[in-house]
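One-letter residues, chain by chain:
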Amino acid sequence: MSIRIVNPGAMTTVQDEGRFGYMDSGISESGAMDKYSYRKANYLVGNKKDEAALEITLMGPELIFLSDNVFGYMGAEMEATLDGEDVLRGRTYLAREGQTLKFGFAKNGIRAYLAFAGGVDVPVVLGSRSTNIKCSIGGFEGRKLQAGDVLEIGPSRYLNHGVNRLLKRRAEQKIYQSEIQVRVILGPQDDYFTENGLLDFLNGSYKVSTDIDRMGIRLEGKTIEAKAPTDIVSDGITFGSIQITSSGMPIILMADHQTTGGYAKIATVVSEDLQYLAQARPGDVIRFQKVDITDVQKWNYFDFLTSIYESNPGLEMIYYPEAVHAR
Amino acid sequence: MDVRYLPAGDEALVIEFGKTIDEEINNSVISMAASIRNRKIKGVREILPTYRSLMVFYNPKKISYVRLVSTVKSLGYKDKDEAESKRTLIVPCCYDDSFGPDLSDMSTELGLSREEIVKIHSAEKYKIYMMGFLPGFVYLGGLDKRINIPRLKTPRTKIPARSVGIGGAQTGVYPVDSPGGWRLIGSTPLDFYDIKREHPILCEAGEYIRFKPIFRDEYDDIRREIELGNYKNEYEEAVSMTGR
Numbered sequence: 383m384s385i386r387i388v389n390p391g392a393m394t395t396v397q398d399e400g401r402f403g404y405m406d407s408g409i410s411e412s413g414a415m416d417k418y419s420y421r422k423a424n425y426l427v428g429n430k431k432d433e434a435a436l437e438i439t440l441m442g443p444e445l446i447f448l449s450d451n452v453f454g455y456m457g458a459e460m461e462a463t464l465d466g467e468d469v470l471r472g473r474t475y476l477a478r479e480g481q482t483l484k485f486g487f488a489k490n491g492i493r494a495y496l497a498f499a500g501g502v503d504v505p506v507v508l509g510s511r512s513t514n515i516k517c518s519i520g521g522f523e524g525r526k527l528q529a530g531d532v533l534e535i536g537p538s539r540y541l542n543h544g545v546n547r548l549l550k551r552r553a554e555q556k557i558y559q560s561e562i563q564v565r566v567i568l569g570p571q572d573d574y575f576t577e578n579g580l581l582d583f584l585n586g587s588y589k590v591s592t593d594i595d596r597m598g599i600r601l602e603g604k605t606i607e608a609k610a611p612t613d614i615v616s617d618g619i620t621f622g623s624i625q626i627t628s629s630g631m632p633i634i635l636m637a638d639h640q641t642t643g644g645y646a647k648i649a650t651v652v653s654e655d656l657q658y659l660a661q662a663r664p665g666d667v668i669r670f671q672k673v674d675i676t677d678v679q680k681w682n683y684f685d686f687l688t689s690i691y692e693s694n695p696g697l698e699m700i701y702y703p704e705a706v707h708a709r
Numbered sequence: 004m005d006v007r008y009l010p011a012g013d014e015a016l017v018i019e020f021g022k023t024i025d026e027e028i029n030n031s032v033i034s035m036a037a038s039i040r041n042r043k044i045k046g047v048r049e050i051l052p053t054y055r056s057l058m059v060f061y062n063p064k065k066i067s068y069v070r071l072v073s074t075v076k077s078l079g080y081k082d083k084d085e086a087e088s089k090r091t092l093i094v095p096c097c098y099d100d101s102f103g104p105d106l107s108d109m110s111t112e113l114g115l116s117r118e119e120i121v122k123i124h125s126a127e128k129y130k131i132y133m134m135g136f137l138p139g140f141v142y143l144g145g146l147d148k149r150i151n152i153p154r155l156k157t158p159r160t161k162i163p164a165r166s167v168g169i170g171g172a173q174t175g176v177y178p179v180d181s182p183g184g185w186r187l188i189g190s191t192p193l194d195f196y197d198i199k200r201e202h203p204i205l206c207e208a209g210e211y212i213r214f215k216p217i218f219r220d221e222y223d224d225i226r227r228e229i230e231l232g233n234y235k236n237e238y239e240e241a242v243s244m245t246g247r
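Protein chains in written order, with the numbering used here: chain R, 383 to 709; chain Y, 4 to 247.
Hints were generated in silico from the structure; no laboratory data involved. Keep in mind that the hints are not guaranteed to be accurate.
Claimed, not checked - Calculated pairs, DSS-like style, for lysine-lysine (alpha carbon to alpha carbon, straight line, at most 30 Å):
hint: 1; chain 1: R; residue 1: K430; chain 2: Y; residue 2: K65
hint: 2; chain 1: R; residue 1: K680; chain 2: Y; residue 2: K43
hint: 3; chain 1: Y; residue 1: K64; chain 2: R; residue 2: K672
hint: 4; chain 1: R; residue 1: K672; chain 2: Y; residue 2: K45
hint: 5; chain 1: R; residue 1: K609; chain 2: R; residue 2: K589
hint: 6; chain 1: Y; residue 1: K156; chain 2: R; residue 2: K516
hint: 7; chain 1: Y; residue 1: K199; chain 2: R; residue 2: K516
hint: 8; chain 1: R; residue 1: K489; chain 2: R; residue 2: K550
hint: 9; chain 1: Y; residue 1: K89; chain 2: Y; residue 2: K128
hint: 10; chain 1: R; residue 1: K550; chain 2: R; residue 2: K484
Remember, predicted model here, so these are calculated numbers, not experimental data.
Just need the whole structure built from these sequences, with the hints factored in.
Structure below.
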């Protein structure tokens, strides 16, 4: 089973959950920017949640099915059509061999996730199928898609018997607002900023600039005052780190972030809210709401079990040996 | 040492040993990274050691921040150098004009002959403090002050992979073609990053490297051996022979 790209669109790449375990070699995680939409797209077509899909940015591709397949898309609304018939977000469709799927411009949100039953079957590189353009690895030949590329689609057990069941699947679609509030946890370098700087960051609003890509989102707004220059001796960066550059402007680092960086990081976006940033368009307004780590991680199964077994040492060894190691 | 435990969002913990580039601080980072790896803490996804801190990525569904902090606090680490257990990679380097276009300017600015610059650069055993920025990029400590030199005012748009350079108080190797502002002094035939290899990254933080001057024809020979898959990396074995 396969598809052929007729027109790649602005920036279409193969992505999955991400590439983990190589950050200490300078290889960042990559993976879908909007994990919610990506996982739901996989759900629609009966895939495991970490199967590879296409991430479509701003302007969609045109592709031809070289064999029958079930597909569905989530994320940005992109005026998709299958041989001229409307294709809606959050639904599942059966495409026949030779049919053309065409996406237009993003109308709401900026990134769509197109999943096929069986998943995009590109080689696994360092544990992932995600495209990392900077390192030229993963995805389709380590690059964004081009016209003429033929992508293999893996086998799906649903295609023999369960197509009708798949076609009934639905996923709830989010409507993306132009004013976004995201939760942040202050740190690790919030102590580099003055009280006024922190207040401006938390009470102000910041506009999404045109400088946005898979590496980061550059924001515009009130300068964030620091006690001293924000250059630091490099330390680690994660998906969602908010760096303040020497000009006092924030950059939110996204899936293709560099692994280490030399600017102070005032805060980090809560992982669940990254999906909204992944859909932010230039001109959108972002506000930051401070939360504590303990608010986000209120209840934890592991902690709960551990606390029970800790108060009953006899049980520990028999039923929950991990608790012993974790101490 | 005042160790700080800081959240970097809800999926990463930063263990900060200091704010500066310092050997004891970095030894602690590397040693703590080893302790965490050995403990195999459930829910810990990966570890990123840097100059002065350690980022621990975890799955909050498997371990909470509070739990993780209390677990890592119980682990031991050393701020002493564990050099005797670490190997030193010999990095052949050709300091020819074609590879080191900035050598003549540096010679004028530093008041040292080219031979002296090469001699100083290749005398030192450099510690890999951390890796990052590009795949396989090594941040090396210990560059002799006599050959510290500011970066180019206007960075080059493309520096070829395997170029060896100096930027400020740092020296290193560009693992892939990349823009950059370091002064170029030579090139190594070794690939610090090669995705086709079983281990794409040549070294890891905590190890050492030493540059060894070679002539152009040796460079070409080694390059040919590497492309044929016949080249064996050369190491200076640690005295205690406990290295890998």
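Verification of the hints:
1. R:K430 / Y:K65: Satisfied, since the Cα-Cα distance of roughly 20 Å is no more than 30 Å.
2. R:K680 / Y:K43: holds (24 Å)
3. Y:K64 / R:K672: Status holds; Cα separation ~21 Å.
4. R:K672 / Y:K45: Holds. K672 of chain R to K45 of chain Y sits at ~28 Å (cutoff 30 Å).
5. R:K609 / R:K589: Status holds; Cα separation ~24 Å.
6. Y:K156 / R:K516: Judged against 30 Å, a Cα distance of about 24 Å means the pair holds.
7. Y:K199 / R:K516: holds (16 Å)
8. R:K489 / R:K550: Since the Cα atoms of K489 of chain R and K550 of chain R sit roughly 25 Å apart, the hinted pair holds (cutoff 30 Å).
9. Y:K89 / Y:K128: Roughly 12 Å between the alpha carbons, so the hint for K89 of chain Y and K128 of chain Y holds.
10. R:K550 / R:K484: holds (22 Å)
In this structure, every one of the numbered hints holds.
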